[in-house]
Every structure is written in C-alpha cells, then in structure tokens.
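Chains as they are written, first to last, in my numbering: chain D, 1 to 586; chain U, 1001 to 1285.
Keep in mind the hints are simulated off the structure, nothing from the lab. Please note: incorrect hints may appear among the correct ones.
Think about it this way: if two alpha-carbon atoms lie no more than 30 Å apart in a straight line, the pair counts; the simulated DSS-like pairs of lysine-lysine are [claimed, not checked]: (1) D/K126 / D/K255; (2) U/K1231 / D/K441; (3) D/K562 / U/K1034; (4) D/K527 / D/K363; (5) D/K578 / U/K1093; (6) D/K250 / D/K443; (7) U/K1034 / D/K527; (8) U/K1136 / D/K562; (9) D/K443 / D/K578; (10) D/K363 / D/K562; (11) D/K363 / U/K1231; (12) U/K1136 / D/K491; (13) D/K527 / U/K1238; (14) D/K90 / D/K30; (15) D/K90 / D/K277; (16) D/K90 / D/K67; (17) D/K443 / U/K1231; (18) U/K1231 / D/K562; (19) U/K1231 / U/K1034; (20) U/K1136 / D/K363; (21) D/K578 / D/K562; (22) D/K578 / U/K1231; (23) D/K578 / U/K1238; (24) D/K545 / U/K1231; (25) U/K1231 / D/K527.
Pair ranges (Cβ atoms, derived) [claimed, not checked]: (26) D/A535 / U/V1188: 25 to 35 Å; (27) D/G450 / U/R1009: 42 to 52 Å; (28) D/L437 / U/P1089: 30 to 40 Å; (29) U/I1081 / D/V413: 30 to 40 Å; (30) D/K562 / U/G1185: 27 to 37 Å.
Reference listing, derived: stretches of chain D covered by chain U, where coverage requires no fewer than 3 residues with Cβ under 8 Å from a Cβ of chain U [what the hints assert, rightly or not]: (31) 174 to 188; (32) 422 to 434.
For each residue, glycine too, the CB sits at the ideal point set by N, CA and C.
The primary structure of each chain is shown beneath.
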Amino acid sequence: MNANLTIRGAILLLIEESAAMGARAADGEKSWSANVATAVNALLAQLDEAASLAVGLIGYGAHKSDKPDAAHRWEGNLQGRRWVTVDALKQSPLRVETRIRKSSGMAGAGQLPGESVQFPIWYDPKSVNASSMETAFELATRAFISDLAADGFCLEFAPLVLHLFITDPPAHSALAAVSGLQRLQFDGHGPLLFHFHLAKPSPVPSKPTSVPLIAYPSNRAYLPRGAAAELFDASIRLPQTYAKALREAKVNVNKDARGMVYNGRTVDLIRFLSLGKTYAQTLHGNDRDTVNTVGSPAKTLAEPTVSPVITPDSTSTLPENALNEGVSIHSVGKSLVDNADNPLPVLLVFDRSTETSAPSGTKSVWERLQDRGNILLGQLAAQRDIPIVVSVLSYGAGGGDGALLGNRFIPSVQLEAAAIRIETVEEQVSNGMGGLLTVSKRKPVFLEIGSTESASPVPAFRNATRLLKEWYETHPSSRRPPIVLHFTRGKLNGSDVDQSVALLADGVGANESPLLYHMILTESPAKSLAYPGAAAQFDDPSLLKLWEVSSPLLERGVLMEKRPYITDTSRGFVVNGKFEFLLPSA
Amino acid sequence: MPYLREVSREHRTCVLFLVDQSLSMTDFLGGMSKRKCDELTAAINAWLSNMIIKATGPQGVKDWMDIGVIGYRTDQEESPIIGPIFKQPLGEKNLVTITEVAGNVEYVPVTQEIHDDNTGQNIENTVQMPVWIDSKTVFQGGTPMCHALLKAHEIIQAWLADAEHQDSFPPIVVHITDGQTSDGGDPVPYAESLRGLATTDGNVLLFNCHLSETPADSFMFPSSDEILPDKFARLLFKMSSELPESIYQRAVAAGLSLQPGARGMAFNADLVCLINFLDLGTRLR
Chain D
1 MNANLTIRGA ILLLIEESAA MGARAADGEK SWSANVATAV NALLAQLDEA ASLAVGLIGY
61 GAHKSDKPDA AHRWEGNLQG RRWVTVDALK QSPLRVETRI RKSSGMAGAG QLPGESVQFP
121 IWYDPKSVNA SSMETAFELA TRAFISDLAA DGFCLEFAPL VLHLFITDPP AHSALAAVSG
181 LQRLQFDGHG PLLFHFHLAK PSPVPSKPTS VPLIAYPSNR AYLPRGAAAE LFDASIRLPQ
241 TYAKALREAK VNVNKDARGM VYNGRTVDLI RFLSLGKTYA QTLHGNDRDT VNTVGSPAKT
301 LAEPTVSPVI TPDSTSTLPE NALNEGVSIH SVGKSLVDNA DNPLPVLLVF DRSTETSAPS
361 GTKSVWERLQ DRGNILLGQL AAQRDIPIVV SVLSYGAGGG DGALLGNRFI PSVQLEAAAI
421 RIETVEEQVS NGMGGLLTVS KRKPVFLEIG STESASPVPA FRNATRLLKE WYETHPSSRR
481 PPIVLHFTRG KLNGSDVDQS VALLADGVGA NESPLLYHMI LTESPAKSLA YPGAAAQFDD
541 PSLLKLWEVS SPLLERGVLM EKRPYITDTS RGFVVNGKFE FLLPSA
Chain U
1001 MPYLREVSRE HRTCVLFLVD QSLSMTDFLG GMSKRKCDEL TAAINAWLSN MIIKATGPQG
1061 VKDWMDIGVI GYRTDQEESP IIGPIFKQPL GEKNLVTITE VAGNVEYVPV TQEIHDDNTG
1121 QNIENTVQMP VWIDSKTVFQ GGTPMCHALL KAHEIIQAWL ADAEHQDSFP PIVVHITDGQ
1181 TSDGGDPVPY AESLRGLATT DGNVLLFNCH LSETPADSFM FPSSDEILPD KFARLLFKMS
1241 SELPESIYQR AVAAGLSLQP GARGMAFNAD LVCLINFLDL GTRLR
C-alpha cells in the first residue's frame, strides 16, 4: 500500500451485532442480522471502484466472552485490515453467491419472476450477546485518529459514518457515546454521522409492526421522550445533498431534518444506506466546490450541532406543575404570525383516558379520538380560507408524555411541517357517478401518544387559559375569541367540568369568551348526535353535562339553511360522528 | 348447505331494490353537499351498469337475473304510493330481465370534478353516464315501510311461483331508507315474512341500508346489535338476514373485517359505505 495515499473520503459502517439482531426484521421473515448483512453487501457492491474512498466496517457485540467488544470485521483476504479502498474491496469479496433478484414482469401464478445475479459477500450476519454503543464509538474514533494514518491513508474530506443498531442505549448515554467521534475535525469539519435504529418486530409474526417510524425528524419537540429524542441529540442536520437524494427517493424530508431514523424497516434501511452512494458520488466530482459540500458544512451544510441533553428537569418551557399533574402541553412550533393577520386561535384539548379494553382487532376510544384529532389537524393544516393558529394539549393520569412539547401557537400554514411523519394511505372516494375510486392521499400524523387512566381536565384547562392569555398579551391586536375543541370519551366528573369551564370563562384577553366545543367518541355504543340543540336529545347525563357547557355553534343561522339537523339552538357538540363545522367561514 | 347455487341462465336469480322516496331523502347525505336521493340513484345506476358488464359475454348479455327497483312514499293524504321507479318502458313492470335493462339505457352527460393531489388542480371531465333511474324521480311524502315490505313479499312470492326459479340462488331484497316507518306498523314481522320465502337453495335475503344526513359514524355488516347505537339501528338489525357464507367470504376478501353472524345491514351509511354495501351485498359471482 502507498504510505501516503491521499483519499478524498471515507465511509465507516458501524453495525451492532448483539443477540437482539437475531430477531425477525419488523417488515419481513428474515432476521435483522441477515437483512442488514444483505443491505450492507449491496451497498459495498454498488460503490464505484474509481471512487477515491476508503471503507471501514466495525461490528460490535460480545464475540469472545460476555463482555461487549468491537472490532473491524473484514474477513477472508481482507482479514486484519481496518481501512480498505473500494478497489481492494472489489478484488477480495469473502465469496460470491448466486441469488435470485425479483423483478416486475410476467411470471407464474403467485410469484414474481426473478433473475439470477452474482452477489458478492464481504460481511456475514452476526448476532452474539451483549453490545455496547460506547465501546463501538471508542473504536470508531480510534479508527479515524490513528488507524487511517497507520493504514497509510490521508483523508481529504470529512468522512461518513453510518451507524446501524437495534438496542436502545441506556438513558442519557447516547450523546456521551458519540461525543468523542463528533469532536473530531477534518480540516475544520466534523464527520457526517447518521444513525439508523432498527424496528423491533411485532409480537404477531403475520402482522406488520405497529411501532411508528421516525425518519429524518426536524424538531426534537415532536419526538417521544426517551431513546428517539436522545438519538436526535446525537445526530447532525442532514446536508442539502443528502436531503435532496432522499427526497428523490420519495422520502419526506423537512428543513433542518436530522440524519437519523428510529424504528426503521428494511425498506427504510435500503434508502438510508443509499446515502453512502450519495457520499461516494459527491466525492467523485472534479468540481472542488461540489466536493467541498461534503467536507464543508459551513458553506452548504448546517453546522453539525448537538443539542444539550434534555432531562425532565430541564424542560423549562413547561410549567413546573404540568408534569406533576399529568398534563402534556403540546405545541407544533413557534409562533410566527404577523399580528396584522388577526388569526383565530384554535386550541385542541385531548382526553387520553380509556376505561375498557377494546375488543381484539378494534381500536380503543383514545386511539379513535387520536385518529380524529390527526384528521382534523390535517384539515386545519390544509385549509387556507382563514388565518388560524393552532396549539394542542392533552391530559391523562400518570404524567404527560406527549409526542409534542412546547407551549406555543403555530400558524396553520406551518402545521404540516410539524407532523411526526406523513403517511400515504389509500382511500375510497366517489367518482361522481355512483362508483368509487381508490386514491392515494397524504395523511400527516401529528399525534401518537399512549392512553392513560382517567384524570381531571382541570389542569389542562388551566394551562389552556394560560396559553390563551399569553397569546393575547403578545398579540394585542388580535381580539377574535378563540375556539377550544375538547376531544373526550365523555365520562368526566361534573364538578371538574364546571371548574374547567370557569377557568376559561374568567377571561383570556379576547373581546369575547372562548368558544368551547366538544367532540365525543363513546366507549360503549351510543346514539350519534350532530350539533344537538335541545337537552331532550340526551339519555346520558355525562354527555348532557358537557352539552350544557358547550357554546352555541358559530354561524348556525347560515348553516341551518344547508343542514336540516342544525337549528338556531345548536351547540358545538358532536357525538360519534365527524366535527365538520369547527371554523367560521372566511 | 344453502346459498351455494351458481347464478346462471338455467338458474337465474332476482335482486329487488326497495327505495325510500320520502321527502327527507332530499336532504344531503352524510354531511356532504349532494342529496341522498341523487347519490342513491347514481349508485343504483352504477350498480346496474356493473351488473350488465358482468353479465356480458361473447354472445351478448347473459340473462341470469331479474331486477326490480321499487320506490315507496306517501301522497298528501298519507296513502302509500309504491311502484317501480325505472324510466319507461322498464317502469311498466315490477321486475325486468337484465337483458331488458341492457337494451333500454339512456345516456346523460355528467361532468366530474377530480382533484389532482400532485398538482393541486381540479380537473373537469365530462362522461356519458348510463341512466335507468331518473334524477327527476319524485321524492316526497312519508315512509310507508311496512307497505313496501308487503309489496316486496308479493313480488318475490310471484317470482318464486315460477317453477324455473325454485332451485335458484334465493332472491336478494336490498332496502334503502333514511328513517323509520311512518305507516304506524312494526316492520319486523313484515321483514320476517319476506325472509320466510325460499327456494331450495335457501331463504330470501333481506339486506337493509340506512342513510344518514349527519356525518355520523357508519356501521356495516355488524354481527351483534350490542354495538349499534340506538333502537332504530337494532330494529334494522332484526330485520336483516345473516350474510350467506359465499357473500361473507367475498366481503372478507375485499378487506372488510367481519365477525361470524354478520348481517346484511348498514347504518348511518355515507356514500362510500352505501356503494360498498350495494356491491358486496349482491356479489354473487
């Protein structure tokens, strides 16, 4: 080897090899270790031999004893090496297998046709005992500090590190584990460190995992507390080149997205590893400015930033009593509304309690309420008729652990950017001629929180009042009375309801009192009601109580002409149906 | 085991629609901006069109089905008005053959507005739509449901009297309404009597679909009345036949999550639910 070989870049693959990797992949029948090995071998095979690139492969797990260790994993003719050029890699696979690659086209019944391909193997699946992320990153750091030079390489640009793992590190340790590597500087720039966490399989093999995917998030506030949020802290912002490559692969990537995936499936892993090809292609360009985009985050890339570890004690944006009282305050971002727009504040308050388990195969009442909430938030995000700002609160026993943190209102035009993810769903719609069409629709997911036991709504409404007061204090020209829509299963204590309403009625700073509406889904079968106007329509005293404190429906005089079920005494109240008339007309 | 007979020219079957023509059917469907009556007539026209396509072979339309569309309402004196609502000349008879339906079609231009998610634009598209039930059909008066079920009984009984029909797949009666009966009776005994008619392959199937004008949550093919929200829903459940195994399996294959004992019933149906109900409830092949 040339003792002074200058290479443009380096890719380091860092792969967990613990026993957990032997688990079935979330979206298939093979183990994660097998799927990861196939994906890694495929990436290595796709690297251009002409690329000025060194590749390293570190696996970590307890191979020799119960003690976690980490080591370079090249085998066969490459055994003992730490860094290898792509050219050397291509000349020395461990073996070449004949595999069948599926392709679209005519085939026998029930089968996709396939063609035989030669598939080189450099890395075999491994799953041993315990692993330690800290040990892995220590070796990775050494790989750059000393091994590169010892192996005769001189690196021109910042390297790419792709970390694949399944075991969540101990709480508050992820940042510490990666900090040594992240402190390295390559001509003034840190490494591009991207993480991919593999999703745990569903307990029922025939069913896909129901664990939510978090792909390239852009705001820590919208992540569930715990491993995902800590991984966010341990990640860097995706440079433009990589964000663009992901968008071309039809992955939703917002501004300031981080290079991380949590609970990813195999299909997400393939897209993630393609960032290795993107890195190699960027190095291949002769244009120094283009090449510099890799190693020059200061120019076109965001500075790799690492957020401070956020502990429950340091969530200073939350009122101190909020966590104690089991209230989660959600916001979907910062308030950026121009006062002159006089937007309408809309506050959604979610009761996350359930009392009875849902029958097998059906959703609990909270899951159904959450679905309605997501649909409504999606509609609010899409509407452009009137300017509104939105905030979200939820409450339940056992402490708040919502998907959204913060306590601000956000303009509806910015809502979609705050979604945890955007799913594509198929929906049947009318074709206008008595038939149905199946169309694909984008469905943003804003809420993904667990259910709780019952809790009083009073703390949530106290915080609602505080949020609204702050809004009006900071937007003195805004005087439209806010709309508060309370999503609940309808089983609330009467005096708690009175207290909650009294808090709102005390005044929030608007010209008029807030409008309080209710969207109710019942746990047991109950008659659907849409904007009822009379107490006689109620059999259930709890629902009647909530109806009595609900505000009259805005614009009911106009709506009566189009909807016979709306009367001049209709209130903003829906049971077991859809809440169509939340906003006034433009 | 019943309900196994294949529908064919030798063993033709019968599908009879009972359509509520009361005034409330002119309200909007499921909180949408189109009227129940308009959406229903469009759905039935589309169903007829699909049935003709399914019945069409290299030698033309296979005559394996008799079809009736009977509307019911009251006049100003609250007397029931019950009869076919096909456009003429099909409206002369309670039941017509599928070949006759295929041979008497009128096409009207309909402009569809389709939203393109990719470009955010609305696209207008004019198509020629086959029509057998007129949009000018009268929707007025009350809901004489018991009388309508009695009429259905007469029509089906006469059809069954034909020896050629005795071994056929049993007739299916699809009843679509938006409200409770206004003729003072209890519709359950009338429904039971209708369901008591039979061929050698099984009893007549009575399926009931309730349309809602509010955006209420829908129920389709429930297996127990315990999950139904009110007395009227439970009444319709009692009136409805259990889905035969063949229809049940086809509904499951279409992606519906059904439990054993599922009945041919939909409650608070919106447009998508109505169209799926008509399709799955009559999917004989």
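Consistency of the hints with the structure:
1. D/K126 / D/K255: The given pair, whose Cα atoms are some 36 Å apart, is violated under the 30 Å limit.
2. U/K1231 / D/K441: The hint is violated at about 36 Å.
3. D/K562 / U/K1034: holds, 11 Å
4. D/K527 / D/K363: Since the Cα atoms of D/K527 and D/K363 sit roughly 19 Å apart, the hinted pair holds (cutoff 30 Å).
5. D/K578 / U/K1093: Between D/K578 and U/K1093 the Cα gap is close to 42 Å, so the pair fails against 30 Å, i.e. violated.
6. D/K250 / D/K443: holds, 15 Å
7. U/K1034 / D/K527: holds, 24 Å
8. U/K1136 / D/K562: Holds, at roughly 21 Å.
9. D/K443 / D/K578: Satisfied, since the Cα-Cα distance of roughly 17 Å is no more than 30 Å.
10. D/K363 / D/K562: Given that 30 Å is the threshold and the Cα spacing comes to 33 Å, the pair is violated.
11. D/K363 / U/K1231: Distance ~24 Å between D/K363 and U/K1231 Cα, so the pair holds.
12. U/K1136 / D/K491: Judged against 30 Å, a Cα distance of about 47 Å means the pair is violated.
13. D/K527 / U/K1238: Given pair D/K527, U/K1238 holds - Cα atoms ~18 Å apart, limit 30 Å.
14. D/K90 / D/K30: Judged against 30 Å, a Cα distance of about 26 Å means the pair holds.
15. D/K90 / D/K277: holds, 15 Å
16. D/K90 / D/K67: The given pair, whose Cα atoms are some 33 Å apart, is violated under the 30 Å limit.
17. D/K443 / U/K1231: Violated, at roughly 35 Å.
18. U/K1231 / D/K562: Between U/K1231 and D/K562 the Cα gap is close to 27 Å, so the pair holds against 30 Å.
19. U/K1231 / U/K1034: holds, 27 Å
20. U/K1136 / D/K363: This hinted pair is violated, its Cα atoms lying about 43 Å apart.
21. D/K578 / D/K562: holds, 17 Å
22. D/K578 / U/K1231: Holds, at about 21 Å.
23. D/K578 / U/K1238: holds, 27 Å
24. D/K545 / U/K1231: holds, 23 Å
25. U/K1231 / D/K527: holds, 9 Å
26. D/A535 / U/V1188: 25 to 35 Å: Cβ of D/A535 to Cβ of U/V1188: about 31 Å, so the range 25 to 35 Å holds.
27. D/G450 / U/R1009: 42 to 52 Å: Check failed, 58 Å falls outside 42 to 52 Å.
28. D/L437 / U/P1089: 30 to 40 Å: Because 33 Å falls inside the window, the suggested range holds.
29. U/I1081 / D/V413: 30 to 40 Å: violated, 54 Å
30. D/K562 / U/G1185: 27 to 37 Å: This hint holds: roughly 34 Å between Cβ atoms.
31. 174 to 188: violated (count 0)
32. 422 to 434: holds (count 7)
In summary, the numbered hints that this structure violates are 1, 2, 5, 10, 12, 16, 17, 20, 27, 29, 31.
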